[in-house]
Each structure stands twice: as structure tokens, then as C-alpha cells.
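Let the hints inform the model, and build the full structure from the sequences given.
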Amino acid sequence: MAHDQKNSATSVEPRRSKKKWAVAATIAFLVLAGSGAAIGTHYYGQTQAADSEAQSFTGSTEKIAKGTLSGETSLTATLRYSNSHGVASGFDGVVTSLPKPGDIIGQGQELAEVGDEPSYLMHGSVPAWRELNIDSTNGEDIHQLETALKELGFFEDEPDNCFDWVTRKAVVAWQKANGLRQTGTIPLGRIVFEPHDLRVGQLSVRPGDRTSVGAELYKATSTTQTVEAEIPLANQSLATIGREVSLHLPDGTTTTGKIATVGTPTDKKSSESSDQKTRIIPVTITPDDPEKTSAFQEASITIGLPSESKENVLHVPVSALIALDSKTFGVEIVNPDGTTKKVPVTTGLFAAGRVEISGEGIAEGDSVVVPKQ
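The sequence shown: position 226 = 226 (UniProt numbering), numbered continuously.
Calculated directly from the structure, the hints in this document are not laboratory data.
Incorrect hints may appear among the rest.
Said to hold, decoys possible - DSS-like, lysine-lysine: derived pairs with alpha carbons at most 30 Å apart:
id: 1; residue 1: 342; residue 2: 310
id: 2; residue 1: 219; residue 2: 292
id: 3; residue 1: 292; residue 2: 341
id: 4; residue 1: 169; residue 2: 150
id: 5; residue 1: 310; residue 2: 63
id: 6; residue 1: 66; residue 2: 150
id: 7; residue 1: 310; residue 2: 66
id: 8; residue 1: 169; residue 2: 219
id: 9; residue 1: 219; residue 2: 268
id: 10; residue 1: 66; residue 2: 342
id: 11; residue 1: 327; residue 2: 341
id: 12; residue 1: 100; residue 2: 176
id: 13; residue 1: 100; residue 2: 277
id: 14; residue 1: 277; residue 2: 63
id: 15; residue 1: 269; residue 2: 219
id: 16; residue 1: 150; residue 2: 100
id: 17; residue 1: 292; residue 2: 100
id: 18; residue 1: 269; residue 2: 258
id: 19; residue 1: 341; residue 2: 372
id: 20; residue 1: 277; residue 2: 258
id: 21; residue 1: 258; residue 2: 310
id: 22; residue 1: 327; residue 2: 342
What follows is the structure in C-alpha cells.
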């Protein structure tokens, strides 16, 4: 009996172990299955999120603007000081004194000195061509002399064309003030008449060099800068005096100016190596703010001549346009939810890198897709 009990105990124990293993295996499977379900659910959730994010546009956009769009014709032009010319020596001998490049010489100031003979600037449009003294015949050069002496504080009467004793008295006072021999006579070469103050340019000689009457001492210009441009004949409607022009300077700044003179149409070679000619209209432009251009003695600049202008229109960068088919342009609008839609538009004025657009489904402030910079 005891043996039977022992055998019974022995036979029951293995069956209990197998049952425990089966239960454990089932639990493990459920755990693994549960884990797999959890993992699967988590992965599916990520996929859904990724799909949702893929529909939301994250590229470059620009707002549709509304306002005035102005067209502009761009041309290359030259900024320089006007009326460049040479200043000549009034005497023979050795150059003893010269101004420096960039110096401004005004009414009554010294232009140069040769030996011990200085020359002075006086304002006037008629060149000095003779000695002036009490015996001189009437002339415009005398009127210029008296006008200059009056501005300098030496001549008391009303200027006229006659060199009289009042003129001589003023000349003597002027000579004394400048340390000259007080003769009452102005020899040829002592004064140089110019319509305006001068700005000294490149020197042609140096102190110590020999020179002669009429030989160039240095280059000079007016103190006023101008812009010289050539407008193609096809754009002749833009060549009108008083037209406002934008001036794009080498330092990246922009200022404005106005057309001051318009020349007659002329032919110009297209290039040095070609006989082909183009018809152009030369114009000069006066800058509105000389301070903004004064840093440049001479420079190549770009000018913009306003052409067509439209007010109160919708416009976008030209790069926002897309071709919907062979005949239709459109823009790609970004919706509030991040999705995009392509909308057909009608284009109008192209100007300054932007284009006028119109059509259904577009409004000021809408975001449109543009290429990434």
C-alpha cells in the first residue's frame, strides 16, 4: 500500500509540473502578444502622425501684397563731377605752388603759382584774354572783374563794362590784400574766369617742373556731380526733363535724381569690335542729395527710369508663378491647415522682380509658395 502511494505520488508530480509549464507558456504568449499589440499600435500611431505631417507645407512662402507696383527701366550710367577740363598756366617759369587733388577753389582763391606769379579764380563765363587797366576798352570781361571784386568786398559801385578810376581803386585794394604789387593793372594770366568754383582733379605737373603759358597744370571740374546716361531711342518717352530717376550706388545704397538735360539722338557703336550702331539719346541727371553721392569721384552706377505704374493691385514675387498648363499661370496657396492648392491667375505688370496677379481664390495676405533661397 505504501508502495502504491509512493508510485501514485511519483506519477502525480510530473503531471503537475507539465500543467504549470503550460500555464506559464500561455501567460508568456499573452504577454508577448500583448507587447506585440502594443508595439504594433505604437508604430501605427507614428505612421499616422507622419502622414499628417507630410500634408503640412513647411517650405518658403511669401505673402500676397496689395499696393502700387511701378515698372522701372534699368540702365548703366556714369556718376562723375561735371565739366572736366584742364587749368592752364598763365606764366612761363618753374611751378612753385599747386593745390591738392580734391581741393575746392572758390572766388578769389589762388589756382597755382609759377615763379612768384600767382593766378586767381574769379567767376565769369568769358575767358580772360587781355591785360586790364585804366586804358582798356569797354567789355564783358571788365564787368566780370568788377562783379567779382564787389563780391569780394573791394568794389563799391554797380558793376559795368567800363574800367574807370573806381575800378582801379578796387584793383589796388585787392592787390594789397593778396600781397601783390599795387599797380592798378591786372596782367594777363593773373586771373582766370570760370563760371563756378573748381574741384581739383589729377595733377599734370609737380612743383619744380618747368611750364609755359597755356600748358596744363592740372585737371579740374565743377563741384557739382552729374550722372551721364544713354537712353535707347526705343525708350525715348522716358527722356524728359524733370523725370525722377532712382540712382543705385556702388555701396548698395539708393538715392534719387532728376533728368536735367536731354541731348539730340545720336548713333553709337554697339561694341568696339562691331560696326553695328544703336540710336541713343544722351541725358544728364542731377542727384537730389549731393551728400549721398559725394564719396564717389567717378563710378559706374545703375539708374532706374520709372515707366508704367499701377495702384491698388495684388502682386507677388515673379518666382511664385507656376505653369499650370501651356497657357495658364498660377500660384500655390498655403491653406491655414498647412495644405496647399494651385490657383490659376491672370498676370499683369512685371516690375522690380514682382508681378501683378488677379483671379478667383486669392486675396491680400495669402501665403504663396516660393522657391527656397
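Evaluation of the provided hints:
no.	hint	verdict
1	342 x 310	26 Å, holds
2	219 x 292	24 Å, holds
3	292 x 341	46 Å, violated
4	169 x 150	12 Å, holds
5	310 x 63	19 Å, holds
6	66 x 150	59 Å, violated
7	310 x 66	11 Å, holds
8	169 x 219	34 Å, violated
9	219 x 268	27 Å, holds
10	66 x 342	20 Å, holds
11	327 x 341	19 Å, holds
12	100 x 176	26 Å, holds
13	100 x 277	41 Å, violated
14	277 x 63	45 Å, violated
15	269 x 219	28 Å, holds
16	150 x 100	28 Å, holds
17	292 x 100	23 Å, holds
18	269 x 258	27 Å, holds
19	341 x 372	18 Å, holds
20	277 x 258	28 Å, holds
21	258 x 310	21 Å, holds
22	327 x 342	15 Å, holds
In summary, the numbered hints that this structure violates are 3, 6, 8, 13, 14.
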